[in-house]
Amino acid sequence: MSDMAGEAASSPGPVRARALRRIQLLRAAGLYAGLSVVAILVVFPLLYALATSLLTAGEAAAYPPRLLPSGLRVENYLQALRQAPLPRYLLNSVIQSASVTLGQLATASLAGFAFAFLQIPGKQFLFFVFLATLMIPWEATIIPNYLLIRSMGWADTYQGLTVPFLATAFGTFLLRQFFMTIPKDLYDAATIDGCGSFRFLTTIALPLARPALGTLAVYAFLQTYNQYLWPLLITSNAHMRTVQIGIALLQDEERFALNVVMAGVVIVLLPTFVLFALGNRQLIRGLTAGAFK
Amino acid sequence: MGRPVAAGGVARAVRTRPSGLRARHARALVEAGAYLGPSLLIFAVFVFWPLVRTLRLSFYVTDPLGRPAAFVGLAQYLRLVRPAFLNSLHVTLLFVLYVVPATILLALALAVLANLRLRRIAIFRALFSSSIAVSGATASVIFLFMYNPAIGPLNYLLQSVGLPALRWHTDAVSALPSVALTTVWLQLGLNTIILLAGMQGIPEEYYESAALDGATFFTIFRRITMPLLSPSIFFLAVVDTLSAFQTFAPFEIMTKGGPMDATNTLVYSIYREFYFNGQYGFAAAQSVVLFIIMLLLTVLQFRLMERRVFYQ
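These protein sequence lines are chains C and F, in that order.
If you count by full-length UniProt numbering, then the first sequence holds residues 1 to 293, one letter each, in order.
If you count by full-length UniProt numbering, then the second sequence holds residues 1 to 312, one letter each, in order.
Since the hints were derived computationally from the structure, they do not count as laboratory data.
Check before you lean on any hint, since a few could be wrong.
Unchecked claim - A few chain F residues that face chain C, going by a derived Cβ cut-off under 7 Å, partial list only:
{"no.": "1", "residue": "199"}
{"no.": "2", "residue": "274"}
{"no.": "3", "residue": "278"}
What the hints assert, rightly or not - Take a look, some chain C residues computed to stay more than 10 Å from chain F by CB distance:
{"no.": "4", "residue": "166"}
{"no.": "5", "residue": "208"}
{"no.": "6", "residue": "239"}
{"no.": "7", "residue": "272"}
{"no.": "8", "residue": "273"}
All residues carry an ideal CB built from backbone N, CA and C; glycine is no exception.
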């Protein structure tokens with residue numbers, strides 16, 4: 001729309017063109033100002049956390065609340081890392097999330113490939129079985145899962161944190177969709193040439209599906225890293241807790257000041273924000289493709 | 001099976017017919033097992049079998065370790081008609097009602113803004129959708145401090161414009177809306193992303209011809225954007241409702257179901273009954289109810305909304 005206005009303006013002479021240009025600039029400035037106000041409102045909780053993490057203990061307890069720190073106080077971060085076993089929590093979360101991500105990539109690649117390429121008796125039914133898992137809320141199965149993991153002695157272990165999440169219907173569908181874009185003839189030709197289906201999967205299909213794998217990886221990592229209920233149930237030892245539980249505990253303890261807790265919050269948020277910044281576009285494309293296609 | 005190779009395939013099959021066919025069938029099964037087995041095993045052990053066990057548990061009284069001790073029939077379900085459980089059902093539905101429409105409406109506004117043709121709009125898109133990287137636990141901790149009656153910025157804001165201070169999550173009236181506000185903010189990122197992608201999928205020509213016909217912004221929005229966006233909105237209505245039902249971390253961290261059970265939702269109640277009270281059978285009965293409600297809701301939403309949704 002603005003382009004059309006610009007074209008029309010170029011004909012009636014320089015004075016009117018300048019006036020129009022000025023109106024456009026003003027309009028853009030107004031839009032940017034409006035967008036910025038909205039953006040600040042939307043990210044206010046994050047700004048608040050960041051600003052508070054840089055206050056001194058005195059400033060953090062002051063009223064009216066201070067929003068702008070008087071300096072960059074890194075001590076709060078060091079104190080958060082020192083006072084709670086935050087590094088250990090971080091390590092646990094990263095191990096859990098990385099394991100689940102790798103596991104889901106493997107199982108979903110295999111299953112998605114089978115649904116796309118292999119001739120399997122009862123394939124429709126098996127596909128329905130995968131679909132059905134999406135209809136069952138995790139909460140409806142959590143009591144037996146909790147009892148099972150405990151009875152296997154997997155409470156407070158990485159197996160307990162990861163194994164129940166190693167398969168994914170969402171990831172399987174995502175990869176199946178992607179694999180289906182690979183011509184079936186290519187697969188047939190490769191098979192005739194003596195290429196086994198597994199070799200076809202690893203050398204041809206997976207490299208082609210890299211965007212889908214990227215989406216699944218970012219999604220699985222975010223989901224697992226941000227888990228709360230399951231780690232809360234099956235970890236009780238401070239050595240096996242994850243960051244989300246850790247940060248909630250940190251908040252509960254009176255000896256930690258607000259600024260230190262917020263420094264902890266920022267540390268916990270950091271990995272997912274890095275991932276969001278790196279995988280933003282990938283994630284969006286994958287999520288929206290799966291959303292209504 | 002590609003056409004060009006069919007002849008060779010048939011010839012080979014004919015030569016080795018009786019044992020060959022069976023062997024190939026067996027090989028196909030083994031292959032299917034190798035590919036689908038890992039996923040199916042995990043689903044069987046951690047999804048399907050637990051669902052059966054939940055159902056079974058709901059008919060029993062258990063020992064402290066969660067093992068079924070005595071069959072009680074429908075007794076656990078009869079406990080559900082008492083005020084305590086009906087309250088948690090009421091709280092849950094109210095919470096969904098607070099969260100879902102607000103999230104979608106706000107995200108719609110953000111998506112319209114993020115869809116403006118401006119330079120560097122990508123920065124605003126990232127900011128508007130940033131909460132997708134935030135967990136329920138960290139959002140809860142942040143909002144907990146923002147709600148703090150003594151040092152939080154929200155009460156300061158209210159008072160500076162002449163409004164009375166609130167007790168936010170510690171007051172029985174405002175506790176549920178406070179948790180809902182946190183949840184809306186948390187869901188806003190994903191909703192904005194999905195709606196923005198939906199808007200970008202609308203062909204430019206529609207807008208151009210509408211503009212030529214002299215349609216106003218609101219007419220265009222109502223007559224073109226909304227109908228073409230309806231599949232995305234429908235998708236979000238389902239996803240947001242299901243996730244509102246499943247919200248847990250904010251309740252655990254901010255209110256622990258209180259004050260006076262004002263935020264004791266279905267999921268929180270399940271957690272409290274089996275984890276703290278050792279009432280595995282009662283909690284299992286509640287889980288079954290949750291399962292049925294969510295299944296019905298999904299089906300109902302599909303039925304009701306699919307009729308009004310415009311698919312391209």
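Distance rule for residue 272 of chain C, whose beta carbon must clear each one in chain F by more than 10 Å: Violated, since 4 Å does not exceed 10 Å.
Residue 273 of chain C and chain F, when compared Cβ to Cβ, separated by more than 10 Å: 5 Å, violated
Cβ separation check - residue 166 of chain C to all of chain F, threshold 10 Å: 5 Å, violated
Distance rule for residue 208 of chain C, whose beta carbon must clear each one in chain F by more than 10 Å: About 18 Å separates residue 208 of chain C from the closest Cβ of chain F, which puts it past 10 Å; holds.
Interface hint compliance - residue 278 of chain F to chain C, C-beta minimum distance less than 7 Å: Hint on residue 278 of chain F: violated, closest Cβ of chain C at ~11 Å, above 7 Å.
Exclusion check [residue 239 of chain C not at the chain F interface, CB over 10 Å]: For residue 239 of chain C, whose nearest Cβ neighbour in chain F is about 19 Å away, the distance exceeds 10 Å, so it holds.
Hint validity - residue 199 of chain F Cβ closer than 7 Å to any chain C Cβ: 11 Å, violated
Interface hint for residue 274 of chain F, Cβ within 7 Å of any Cβ on chain C: The hint holds - residue 274 of chain F has a Cβ within 7 Å of chain C, the shortest such distance being about 5 Å.
In this structure, the hints that do not hold are numbers 1, 3, 4, 7 and 8, in rising order.
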